[in-house]
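Line by line, the protein sequences give chains C and S. My numbering puts the first residue of the first sequence at 6, with every later residue one more than the last. My numbering puts the first residue of the second sequence at 6, with every later residue one more than the last.
The set of hints was computed from the structure by calculation and includes no laboratory data. Treat the hints loosely; a few may be bogus.
Note: identical chains are not told apart, hence a pair may lie in one copy or across any two.
Taking lysine to any residue and the SDA-like style, the derived pairs with C-alpha atoms no more than 25 Å apart in a straight line are [as the list claims (entries may be wrong)]:
#1 K121 with N139
#2 K21 with E144
#3 K121 with Y131
#4 K130 with S105
#5 K140 with Y38
#6 K287 with D237
#7 K239 with A128
#8 K121 with S168
#9 K239 with L158
#10 K239 with I107
#11 K269 with E156
#12 K92 with S105
#13 K238 with W103
#14 K121 with E144
#15 K130 with P68
#16 K7 with I107
#17 K287 with Q275
#18 K92 with K255
#19 K269 with F9
#20 K228 with E17
#21 K130 with A65
#22 K121 with K140
#23 K239 with W103
#24 K130 with E315
#25 K130 with D190
#26 K21 with K45
#27 K238 with I107
#28 K140 with A65
#29 K238 with D154
Protein chains: 2
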Amino acid sequence: MKAFESRLVAIETYLKGHPYPQEPAHLYDPIRYFMALGGKRIRPLFTVLCAELFRQPIAASLPAAAAIEMFHNFTLIHDDIMDQAPKRRNLPTVHEQWNSNIAILSGDALMIHAFKELEAYDAIKYQRLSSLLNKTAIEVCIGQQMDMDFEQLSTVSQEDYLSMIRLKTSVLLGCACAFGGIIGDATEQQINTLYGFGEQLGIAFQIQDDLLDTFGTEDAVGKQIGGDILCDKKTLLYIAFHERADKREKALFEQYRGMTGEEKIAGIKQLYWDANVLDHCKSIQEVHWKNTLGYLDEMRTVSDCGLFQELLQFIVHRNY
Amino acid sequence: MKAFESRLVAIETYLKGHPYPQEPAHLYDPIRYFMALGGKRIRPLFTVLCAELFRQPIAASLPAAAAIEMFHNFTLIHDDIMDQAPKRRNLPTVHEQWNSNIAILSGDALMIHAFKELEAYDAIKYQRLSSLLNKTAIEVCIGQQMDMDFEQLSTVSQEDYLSMIRLKTSVLLGCACAFGGIIGDATEQQINTLYGFGEQLGIAFQIQDDLLDTFGTEDAVGKQIGGDILCDKKTLLYIAFHERADKREKALFEQYRGMTGEEKIAGIKQLYWDANVLDHCKSIQEVHWKNTLGYLDEMRTVSDCGLFQELLQFIVHRNY
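Please construct the entire structure, taking both the sequences and the accompanying hints into account.
Here is the structure:
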């Protein structure tokens with residue numbers, strides 16, 4: 006990621022320098038704390054790179070890039086409450102470090118500050134950027150609700166699952182990329198291409214995340230493997246298995262589901278393996294990956310997109 | 006309120022007809038439920054009336070009026086979680102009827118839909134309206150946090166209290182009025198006048214609310230009297246008393262504070278009465294009331310403001 010270092014530093018410096026009010030401390034300390042927890046800053050990086058395609062200096066895209074990252078962090082603060090997650094990036098979540106009320110309210114404030122970032126642009130761009138963020142934000146809420154609903158359902162279709170990850174995680178990457186085009190006065194068609202690129206990449210990336218959680222190695226992924234299996238999460242692997250498994254396999258699955266720890270992980274992993282579920286999921290991922298590269302080809306009519314190529318290589322080289 | 010009926014019907018019809026998506030039901034049923042609970046719709050009414058000052062038909066101000074009301078309802082849904090309030094307008098709150106997670110997320114979505122309403126306007130007005138709503142929304146969060154902080158403090162100054170109610174409740178009425186001016190292409194000065202009118206009226210109204218909660222009659226106010234005293238709320242009466250009371254009076258206050266029910270209410274009410282606290286609070290309210298009327302005089306240079314006069318009469322005639 007060396008080629009992106011100067012851009013990532015610029016994004017980080019901009020985020021750190023945000024002039025949140027000092028008071029009330031209970032509203033703004035949690036925001037400063039959470040924004041400083043880090044993260045890969047992939048979304049704002051895409052905004053910056055997409056604006057560069059249209060010869061925009063980084064200063065022109067930083068407020069929009071920050072809006073995307075701040076919005077993303079607002080969703081994490083509220084999601085962490087809903088999931089009762091104790092940790093985020095190895096540090097206590099906001100509702101753990103303070104309490105749920107503070108996490109609700111500082112999340113609300115962070116969302117509004119995200120929208121406020123867009124005030125840096127002239128009226129025409131402001132309207133286009135914030136309309137797209139409004140639309141995207143609503144979709145993210147819908148995706149989050151679908152995800153919560155899935156927990157209560159006995160079966161989820163592959164189609165519904167793909168809809169859910171598109172809304173919950175991919176549209177924001179689409180929005181991040183489209184922002185670059187809007188800032189760079191791209192045509193409507195070019196903006197749609199950027200959006201499609203980000204959205205399809207987001208879906209492929211999310212499927213990859215699901216697959217790595219089960220079939221990755223701890224060293225390569227950087228976190229414990231099998232978390233999704235342990236908490237019975239309805240991932241693409243889970244859904245594909247249940248759509249293909251026969252009675253005997255399903256009975257075995259239920260048997261392993263009742264177990265705990267490594268035994269449960271190993272058992273279900275083997276079932277997925279025997280049912281060829283991994284290949285099936287990879288073929289779905291491949292569709293979205295090809296869509297991504299198709300959009301990238303369209304983007305090449307604007308610029309050579311060398312940096313995008315490099316970033317995609319980095320993303321796709323997360324090993325199994 | 007007969008003069009306002011047609012306008013209130015138009016507001017209600019517009020709010021009811023809002024094209025929220027049908028699905029996911031767990032996201033949008035709570036929004037539809039809560040928006041249908043009613044309320045006086047005072048804020049959107051002021052947006053409509055202020056736009057009429059500048060000869061705008063009601064259709065021109067309805068989206069902005071709805072944005073204000075939807076934003077206000079979002080704050081109520083989240084405040085109800087934070088306050089653990091079981092009821093709102095005699096019906097279960099969203100987190101009671103569903104659960105906290107659903108209340109957090111449907112509140113988030115309602116806030117975004119409020120911002121989205123402003124997309125009905127052209128780019129220049131859109132930027133002015135949503136910048137003002139961004140600023141106001143952040144202030145409302147700050148006010149809510151101050152209010153929560155006050156619960157933990159042993160003393161709160163009158164100045165801090167007035168800051169808190171200005172932010173938590175009055176700036177949104179200021180914003181509602183200013184919206185009418187922005188829609189009506191008013192001058193910057195006229196918009197500031199409308200904002201000041203709403204903001205000062207909001208403060209006077211909130212103080213009135215505090216005073217009625219202790220010194221009103223159940224018949225006139227329409228709810229049980231003494232609720233603030235029972236939950237030891239640091240209202241303007243409480244603060245003014247503690248700034249003026251001597252040692253003996255404070256000791257008596259602590260004695261009553263330890264009691265419950267009617268005995269507690271009657272005891273503390275008598276202490277307030279003896280210390281002339283009601284008159285002091287009324288004098289503060291009077292300052293904001295006079296400011297309101299001063300702004301109204303400025304507004305008369307645009308139109309005769311007969312309807313505003315009538316609405317203020319209605320508001321001020323909430324009896325003790």
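Right, here's what the structure says about each hint:
For the homomeric pair K121 and N139, the shortest alpha-carbon distances inside one copy (12 Å) and between copies (6 Å) are both at most 25 Å. Taking the closest pair of Cα atoms, K21 and E144 come within 25 Å of each other only across two copies (22 Å); inside a single copy the shortest separation is 28 Å, beyond that limit. In this homomeric assembly, K121 and Y131 come within 25 Å of each other (Cα to Cα) both inside a single copy, at 10 Å, and across copies, at 13 Å. Taking the shortest Cα distances, K130 and S105 never come within 25 Å of each other, neither inside one copy (36 Å) nor across copies (36 Å).
Taking the shortest alpha-carbon separations for K140 and Y38, only the inter-copy value of 22 Å comes in at or below 25 Å, while the best intra-copy value is 28 Å. In this homomeric assembly, K287 and D237 come within 25 Å of each other (Cα to Cα) only inside a single copy, at 21 Å, whereas the closest approach across copies is 61 Å. In the homo-oligomer, the alpha carbons of K239 and A128 never lie at most 25 Å apart, since the shortest distance is 43 Å inside one protomer and 43 Å across protomers. When the C-alpha separation of K121 and S168 is checked against a cutoff of 25 Å, the pair qualifies only between copies, where the shortest distance is 23 Å, while the shortest distance within a copy is 29 Å.
With identical chains, the CA atoms of K239 and L158 are at most 25 Å apart within one copy only, with a shortest distance of 9 Å there and 46 Å across copies. For the identical chains of this complex, K239 and I107 are inter-copy neighbours only, at 20 Å across copies versus 30 Å inside a copy, given an alpha-carbon limit of 25 Å. Proximity of K269 to E156 under the C-alpha cut-off of 25 Å is restricted to the intra-copy arrangement: shortest distance 19 Å within a copy versus 48 Å between copies. Within a single copy, K92 and S105 get their C-alpha atoms as close as 14 Å, and across copies as close as 20 Å, so both meet the 25 Å cut-off.
Taking the shortest alpha-carbon separations for K238 and W103, only the inter-copy value of 23 Å comes in at or below 25 Å, while the best intra-copy value is 28 Å. Taking the shortest alpha-carbon separations for K121 and E144, both the intra-copy value of 19 Å and the inter-copy value of 13 Å come in at or below 25 Å. Proximity of K130 and P68 under a CA criterion of 25 Å is satisfied in both settings, with 12 Å inside one chain copy and 21 Å between copies. In the homo-oligomer, the alpha carbons of K7 and I107 never lie at most 25 Å apart, since the shortest distance is 37 Å inside one protomer and 42 Å across protomers.
For the homomeric pair K287 and Q275, the shortest alpha-carbon distance inside one copy (17 Å) is at most 25 Å, but the shortest distance between copies (75 Å) is not. When the C-alpha separation of K92 and K255 is checked against a cutoff of 25 Å, the pair qualifies neither within a copy, at 33 Å, nor between copies, at 45 Å. Within a single copy, K269 and F9 get their C-alpha atoms no closer than 40 Å, and across copies no closer than 66 Å, so neither meets the 25 Å cut-off. Proximity of K228 and E17 under a CA criterion of 25 Å is satisfied intra-copy only: 24 Å inside one chain copy versus 52 Å between copies.
Proximity of K130 and A65 under a CA criterion of 25 Å is satisfied in both settings, with 12 Å inside one chain copy and 23 Å between copies. Taking the shortest Cα distances, K121 and K140 sit within 25 Å of each other both inside one copy (16 Å) and across copies (8 Å). Taking the closest pair of Cα atoms, K239 and W103 come within 25 Å of each other only across two copies (23 Å); inside a single copy the shortest separation is 31 Å, beyond that limit. In this assembly of identical chains, K130 and E315 lie within 25 Å of each other by CA distance neither inside one copy nor across copies; the values are 29 Å within and 42 Å between.
For the homomeric pair K130 and D190, the shortest alpha-carbon distances inside one copy (9 Å) and between copies (21 Å) are both at most 25 Å. With identical chains, the CA atoms of K21 and K45 are at most 25 Å apart within one copy only, with a shortest distance of 15 Å there and 42 Å across copies. When the C-alpha separation of K238 and I107 is checked against a cutoff of 25 Å, the pair qualifies only between copies, where the shortest distance is 20 Å, while the shortest distance within a copy is 28 Å. For the identical chains of this complex, K140 and A65 are neighbours both inside a copy (23 Å) and across copies (22 Å), given an alpha-carbon limit of 25 Å.
Within a single copy, K238 and D154 get their C-alpha atoms as close as 12 Å, which meets the 25 Å cut-off; across copies the closest is 38 Å, which misses it.
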